[in-house]
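Chain by chain, the residues:
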Amino acid sequence: NAGVTQTPKFRVLKTGQSMTLLCAQDMNHEYMYWYRQDPGMGLRLIHYSVGEGTTAKGEVPDGYNVSRLKKQNFLLGLESAAPSQTSVYFCASSFRPGQGFDGYTFGSGTRLTVV
Amino acid sequence: KNQVEQSPQSLIILEGKNCTLQCNYTVSPFSNLRWYKQDTGRGPVSLTIMTFSENTKSNGRYTATLDADTKQSSLHITASQLSDSASYICVVSGGYGGSQGNLIFGKGTKLSVKP
Numbered sequence: 001n002a003g004v005t006q007t008p009k010f011r012v013l014k015t016g017q018s019m020t021l022l023c024a025q026d027m028n029h030e031y032m033y034w035y036r037q038d039p040g041m042g043l044r045l046i047h048y049s050v051g052e053g054t055t056a057k058g059e060v061p062d063g064y065n066v067s068r069l070k071k072q073n074f075l076l077g078l079e080s081a082a083p084s085q086t087s088v089y090f091c092a093s094s095f096r097p098g099q100g101f102d103g104y105t106f107g108s109g110t111r112l113t114v115v
Numbered sequence: 001k002n003q004v005e006q007s008p009q010s011l012i013i014l015e016g017k018n019c020t021l022q023c024n025y026t027v028s029p030f031s032n033l034r035w036y037k038q039d040t041g042r043g044p045v046s047l048t049i050m051t052f053s054e055n056t057k058s059n060g061r062y063t064a065t066l067d068a069d070t071k072q073s074s075l076h077i078t079a080s081q082l083s084d085s086a087s088y089i090c091v092v093s094g095g096y097g098g099s100q101g102n103l104i105f106g107k108g109t110k111l112s113v114k115p
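If you read the sequences in order, they're chains A and B. Here the numbering used here is used: position 105 in the first sequence is 105, and no number is missing along the way. Here the numbering used here is used: position 23 in the second sequence is 23, and no number is missing along the way.
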C-alpha cells in the first residue's frame, strides 16, 4: 500500500498563476482533507470531503477550491496564487473519525512557494 | 473556543535522557487525543490515540497519558535517540465525525536530541 500520495512535492508559482495539487489514497477511506502548515502555527484545515462528490469548507478555505470526483482522489486548486499561500500543504484521509481507530493518515506534503 | 496548547515550544536534550512534553486542551465535546511525530520535511505520523476512557497508552519508548478531568495530556519519551529529533504534535478530535471530520492541532513541540 502506498498510503496517501501527494504530487507534486515542490512547486514555485508566480503571483496570479493557477495550479492543482493532487492527493491520492489507496486505503478506501471515505474522508479526505487538505491542510496547510505555516511556521509557528498548527495545521489548519482548508477543505475536506466526507465522500465522493461532496466537499466542505474548513477553517481557511478562501482562495482555494477542491474536487472529489473519485473516492481515491482529492484535488486542491489555487485559481490565482498569492504570496500568502506560500506554505506546506498536507493531504490526509481517514475512515469516519470520532470513535476508535479511523486510520487517519497524512501524505508527505507539498511545499509551495508563491513569488 | 476549541484550543490545544503545547509546552514547551522547543526542547534540547542529550541522547539517552528522558523527557516529557505537555498538552492542555479546551476542546468540547471530546472524542479522542492523539500524539503525532513529524520529522522535518515529512507528514505527521501517528504515535498514540486515546479515547476518554483511556489514561495511558504506550508505543515502544513513547508513553502518552491523558487526564480527561483536567484536560491534560503528556508524552513521555524514554532513553531518547537521535532519531527522536522531530516535532511532536498533540491533536484533539472534537466530537463524533458528523459533518466535521477535522482535528484540532497544537502548534507542536520541537525536540532536538544531541549526542
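Fair warning: there could be bad hints in the mix.
[Unchecked claim] Okay, derived cross-link-like pairs now, DSSO-like style, lysine-lysine, Cα gap no bigger than 30 Å in a straight line: (1) K14(A) x K107(B); (2) K57(A) x K1(B); (3) K1(B) x K9(A); (4) K14(A) x K57(A); (5) K110(B) x K9(A); (6) K57(B) x K57(A); (7) K71(B) x K57(A); (8) K71(B) x K1(B).
The set of hints was computed from the structure by calculation and includes no laboratory data.
Verification of the supplied hints:
| no. | hint | verdict |
| --- | --- | --- |
| 1 | K14(A) x K107(B) | holds (29 Å) |
| 2 | K57(A) x K1(B) | holds (18 Å) |
| 3 | K1(B) x K9(A) | violated (34 Å) |
| 4 | K14(A) x K57(A) | holds (25 Å) |
| 5 | K110(B) x K9(A) | holds (23 Å) |
| 6 | K57(B) x K57(A) | violated (33 Å) |
| 7 | K71(B) x K57(A) | holds (28 Å) |
| 8 | K71(B) x K1(B) | holds (14 Å) |
Comparing the model with each earlier hint shows violations of hints 3, 6; every other hint is respected.
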